[in-house]
Amino acid sequence: MARIGVFVCNCGSNIAATVDVKQVAETIGQLPDVVFSTHYMFMCSEPGQKLIQDAVREHNLDRVVVAACSPTMHFKTFSGAVQRAGLNPYMLEMANIREQCSWVHPDKAIGTDKATDIVAMAVGKTRWAEPLFPREIGVTRRALVIGGGIAGIQAALDIANAGVPVVLVERSPSIGGRMAQLDKTFPTLDCSGCILTPRMTELVQHPNITLYSWSEVQAVRGFVGNFEVDILHKPRYVDATLCTGCGECLTRCPWKKYPSEFDEGMGTRAAIYRPFPQAVPNVPVIDEEHCIGLKSLREDPSRDKPKCGACQKFCPRGAIDFRQQPTVSTEQFGAIVLANGMSLFDPTIYGEYGYGRYPDVITSIQMERLMNAAGPTGGEIRRPSDGKHPRSVVFLACVGSRDERVGRPYCSKICCMYIAKHAIMLKEHDPHVQSYVFYMDVRAGGKGYEEFIRRAQEEYGTVYLRGRVSKVYPEGDHMVVMGEDTLLGMPVRVEADLVVLATGVQPQPDADALARILGISYDGYGFINEAHPKLNPVESNTAGILLAGTTIGPKDIPESVSQASAAAAKVLGLLSQSTLLGEAMTSWVNQTRCVGCFSCEAVCPYHAIERVTLRDGRLAAQVNEGLCKGCGLCASACPGKVITLRGFSDQALLEQMNVLLLEPTAAG
Amino acid sequence: MPDTKYEPRIVGFLCNWCSYAGANLAGTSRIQYAPNIRIIRVPCSGRVDPLFVVKAFQAGADGVMVLGCHPGDCHYRDGNYYARRRFSLMHGFLNFLGIDERRLRVDWVSAAEGKRFADVVSEFTQQLAELGPFSKTAGGQPMPSAQSQPTVSG
Numbered sequence: 001m002a003r004i005g006v007f008v009c010n011c012g013s014n015i016a017a018t019v020d021v022k023q024v025a026e027t028i029g030q031l032p033d034v035v036f037s038t039h040y041m042f043m044c045s046e047p048g049q050k051l052i053q054d055a056v057r058e059h060n061l062d063r064v065v066v067a068a069c070s071p072t073m074h075f076k077t078f079s080g081a082v083q084r085a086g087l088n089p090y091m092l093e094m095a096n097i098r099e100q101c102s103w104v105h106p107d108k109a110i111g112t113d114k115a116t117d118i119v120a121m122a123v124g125k126t127r128w129a130e131p132l133f134p135r136e137i138g139v140t141r142r143a144l145v146i147g148g149g150i151a152g153i154q155a156a157l158d159i160a161n162a163g164v165p166v167v168l169v170e171r172s173p174s175i176g177g178r179m180a181q182l183d184k185t186f187p188t189l190d191c192s193g194c195i196l197t198p199r200m201t202e203l204v205q206h207p208n209i210t211l212y213s214w215s216e217v218q219a220v221r222g223f224v225g226n227f228e229v230d231i232l233h234k235p236r237y238v239d240a241t242l243c244t245g246c247g248e249c250l251t252r253c254p255w256k257k258y259p260s261e262f263d264e265g266m267g268t269r270a271a272i273y274r275p276f277p278q279a280v281p282n283v284p285v286i287d288e289e290h291c292i293g294l295k296s297l298r299e300d301p302s303r304d305k306p307k308c309g310a311c312q313k314f315c316p317r318g319a320i321d322f323r324q325q326p327t328v329s330t331e332q333f334g335a336i337v338l339a340n341g342m343s344l345f346d347p348t349i350y351g352e353y354g355y356g357r358y359p360d361v362i363t364s365i366q367m368e369r370l371m372n373a374a375g376p377t378g379g380e381i382r383r384p385s386d387g388k389h390p391r392s393v394v395f396l397a398c399v400g401s402r403d404e405r406v407g408r409p410y411c412s413k414i415c416c417m418y419i420a421k422h423a424i425m426l427k428e429h430d431p432h433v434q435s436y437v438f439y440m441d442v443r444a445g446g447k448g449y450e451e452f453i454r455r456a457q458e459e460y461g462t463v464y465l466r467g468r469v470s471k472v473y474p475e476g477d478h479m480v481v482m483g484e485d486t487l488l489g490m491p492v493r494v495e496a497d498l499v500v501l502a503t504g505v506q507p508q509p510d511a512d513a514l515a516r517i518l519g520i521s522y523d524g525y526g527f528i529n530e531a532h533p534k535l536n537p538v539e540s541n542t543a544g545i546l547l548a549g550t551t552i553g554p555k556d557i558p559e560s561v562s563q564a565s566a567a568a569a570k571v572l573g574l575l576s577q578s579t580l581l582g583e584a585m586t587s588w589v590n591q592t593r594c595v596g597c598f599s600c601e602a603v604c605p606y607h608a609i610e611r612v613t614l615r616d617g618r619l620a621a622q623v624n625e626g627l628c629k630g631c632g633l634c635a636s637a638c639p640g641k642v643i644t645l646r647g648f649s650d651q652a653l654l655e656q657m658n659v660l661l662l663e664p665t666a667a668g
Numbered sequence: 001m002p003d004t005k006y007e008p009r010i011v012g013f014l015c016n017w018c019s020y021a022g023a024n025l026a027g028t029s030r031i032q033y034a035p036n037i038r039i040i041r042v043p044c045s046g047r048v049d050p051l052f053v054v055k056a057f058q059a060g061a062d063g064v065m066v067l068g069c070h071p072g073d074c075h076y077r078d079g080n081y082y083a084r085r086r087f088s089l090m091h092g093f094l095n096f097l098g099i100d101e102r103r104l105r106v107d108w109v110s111a112a113e114g115k116r117f118a119d120v121v122s123e124f125t126q127q128l129a130e131l132g133p134f135s136k137t138a139g140g141q142p143m144p145s146a147q148s149q150p151t152v153s154g
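Chains Z and D supply the protein sequences, listed in that same order. First residue of the first sequence? That's 1 in my numbering, and the numbers climb one at a time after it. First residue of the second sequence? That's 1 in my numbering, and the numbers climb one at a time after it.
Simulated from the structure, these hints should not be mistaken for lab results. Where is the CB? At the ideal position from N, CA and C, for every residue including glycine. Worth double-checking, as some hints may not be accurate.
[Claimed, not checked] In silico DSSO-like links for lysine-lysine, alpha-carbon gap of 30 angstroms or less:
1. 115(D) with 108(Z)
2. 427(Z) with 5(D)
3. 5(D) with 76(Z)
4. 534(Z) with 115(D)
5. 413(Z) with 115(D)
[To be verified] Far from chain Z, some chain D residues (derived; all Cβ distances over 10 angstroms):
6. 77
7. 92
8. 102
9. 107
10. 130
[To be verified] Some chain D residues flagged as far from chain Z (calculated, every beta-carbon gap over 12 angstroms):
11. 36
12. 72
13. 88
14. 93
15. 97
16. 98
17. 100
18. 113
19. 126
20. 131
Working from the sequences, and respecting the hints, build out all of it.
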């Protein structure tokens with residue numbers, strides 16, 4: 001006979017307000033095998049845990065049911081208490097009577113009934129509990145960082161500086177990310193490139209860091225401590241071992257008129273290009289889509305020479321290689337940091353703003369490129385239509401932020417600040433510029449942020465107009481912005497030489513695909529979910545995969561950097577151990593009854609099913625517990641029912657139904 | 001259960017990673033829903049053996065829900081695809097057994113969909129209330145063997 005102890009938590013009034021905890025404890029106390037049942041104010045508190053430990057010893061309990069919050073919340077807490085009392089931690093079962101009962105059913109009679117059922121089911125399940133022992137698994141002391149923006153750079157450097165080898169995978173030709181595109185950073189007006197490029201150089205020269213730029217993560221297998229990752233290395237068509245980065249090819253390429261991705265279409269680049277002069281690595285890439293030489297070779301593989309080949313002809317090192325092929329390498333890692341960053345909202349959906357129709361309506365990131373001394377205009381602010389220096393500039397805040405209509409109800413957090421930065425910098429560039437900002441609210445939470453906004457308004461004379469813009473249209477050689485000043489309660493009309501749309505932050509367009517490759521979850525927008533938004537903000541819900549930067553949600557540079565360092569600390573904590581405890585809830589095969597059909601092998605996502613020959617010569621399935629993650633697909637696929645998932649056995653699951661539906665003691 | 005107002009009894013198998021977390025989110029967001037569901041946590045919707053569903057009806061459940069991660073989002077890569085295939089066959093089989101297939105609801109609720117969880121549960125509860133108690137529509141009482149089956153205790 002099992003000796004089960006039941007501990008019902010009041011959770012202050014969180015549970016007790018809508019569940020009669022005393023009655024639940026009493027009713028459950030009547031159930032067979034339950035030898036002790038009580039309730040207490042806060043079971044997770046120190047005295048609450050002690051209550052459990054004392055009761056285990058005093059009543060010689062061998063199984064414990066804690067009826068409280070979700071096991072995702074406090075399973076660790078209570079399994080620790082149970083363990084301290086001398087029981088195996090898996091002899092604990094939690095009944096979730098808070099999130100799934102007291103918080104959703106305000107009627108006390110209903111809540112009490114349901115809570116009684118939930119606890120009775122947990123009692124039923126725990127009758128089938130057995131001690132489980134997780135296996136020790138080895139750890140590969142090597143980390144992978146995905147994304148070479150400032151978050152990825154910081155994470156890689158922190159990990160590498162602690163002496164752990166790191167591989168950084170960046171899919172564009174250079175690391176640097178969004179920060180490399182920026183001119184200045186708020187609120188200090190540090191030159192973005194000046195503070196970023198030293199880090200980029202440090203990274204590429206670091207003995208512990210291997211940089212794979214122009215590469216992508218294709219597949220991830222394995223689990224915490226033992227990831228196996230396929231990395232696709234896209235062909236640059238330039239031999240990186242020979243290239244010195246002299247840039248001769250860039251000037252020789254006759255096809256120079258392609259819009260530059262890095263300059264957000266404000267400038268042009270050749271068919272062979274590097275995104276920006278300080279690119280790391282400083283090795284150009286040939287654009288497969290536009291290069292005439294590559295095209296000619298693809299169309300007619302028997303050609304011995306490409307049609308154009310100007311770059312090849314003039315490269316002093318003979319580094320151009322039109323025959324390069326994509327390659328895939330497979331590497332082992334113990335932990336992964338995902339820092340794949342964000343993209344910016346495409347404002348063409350707002351027809352009234354005329355983006356894409358009028359050349360003098362641009363986005364903020366385009367403004368950054370115009371301001372940047374290394375940008376297409378050499379840092380001179382010239383509007384796209386006629387190259388004139390704008391004197392009146394209108395900023396529209398919240399373009400693709402805080403707007404349900406376009407599916408972006410969240411605040412992008414950084415726009416208020418970068419608008420103020422642009423307004424200040426415009427005035428610095430040209431004292432005659434007058435800036436206007438149409439805003440909803442100014443959100444300037446952060447060190448020195450509010451002061452920065454005040455500076456933009458008071459020192460730099462930026463006019464802030466609270467209201468939305470209804471229409472932007474050209475008139476003569478300027479634009480007209482029609483909006484409303486809600487503080488004055490009247491329509492306003494502003495003539496502008498340049499209109500700047502502060503586009504919001506959104507996930508990378510393929511963030512969901514990458515999340516699926518990694519096996520981590522993401523929200524409705526495509527931002528990655530943290531394991532816990534407050535207490536595990538840099539962990540994904542897959543062990544060993546950490547998160548940093550805007551992949552989780554909008555944030556600015558200091559936040560991204562702190563997160564990256566936090567993620568690096570988590571990686572180092574993980575990799576400082578020589579072994580990890582694996583999954584305890586794994587499947588096992590009753591081999592005497594296994595007929596060797598291997599239905600299990602076909603469904604197992606982790607290739608954890610092995611074929612073994614038994615002593616009598618029969619072929620049977622066996623679970624590799626190091627690989628098993630405990631999903632139970634094999635258990636439900638097995639036609640002979642000879643596979644048991646520990647912790648979720650058929651008996652344990654059926655017992656819960658039986659208790660609920662057949663036992664009269666349960667309130668149902 | 002008194003007959004004054006018929007309250008359907010629902011067994012819900014929720015995958016640990018998405019739907020169970022979605023149910024928790026409904027709780028933390030204090031979204032109220034019909035109280036009839038009793039949740040059995042499973043690691044994956046692919047863990048749910050069709051046998052469990054039949055056993056639930058045999059034991060007297062009026063409805064069974066299987067909730068998992070949205071297709072493509074399975075924590076175990078493709079467990080929910082197995083569940084989807086399995087239960088689309090199961091629906092036809094239920095009809096064959098004389099059980100209205102509407103009594104089995106298979107759906108996807110992510111960890112971010114607390115509201116959706118509440119809606120799906122309330123809607124299913126309402127549907128079952130309209131269908132009436134299971135034993136009547138099945139044309140008989142729950143099988144006697146189920147009621148006399150002893151509960152196993154370890």
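Hint check:
no. : hint               : in the structure
1   : 115(D) with 108(Z) : holds (22 angstroms)
2   : 427(Z) with 5(D)   : violated (73 angstroms)
3   : 5(D) with 76(Z)    : violated (41 angstroms)
4   : 534(Z) with 115(D) : holds (21 angstroms)
5   : 413(Z) with 115(D) : holds (26 angstroms)
6   : 77                 : violated (4 angstroms)
7   : 92                 : holds (18 angstroms)
8   : 102                : holds (19 angstroms)
9   : 107                : holds (17 angstroms)
10  : 130                : holds (20 angstroms)
11  : 36                 : violated (9 angstroms)
12  : 72                 : violated (6 angstroms)
13  : 88                 : holds (15 angstroms)
14  : 93                 : holds (15 angstroms)
15  : 97                 : holds (17 angstroms)
16  : 98                 : holds (19 angstroms)
17  : 100                : holds (18 angstroms)
18  : 113                : violated (8 angstroms)
19  : 126                : holds (16 angstroms)
20  : 131                : holds (17 angstroms)
Hint compliance for this structure: hints 2, 3, 6, 11, 12, 18 are not met, and every other hint is.
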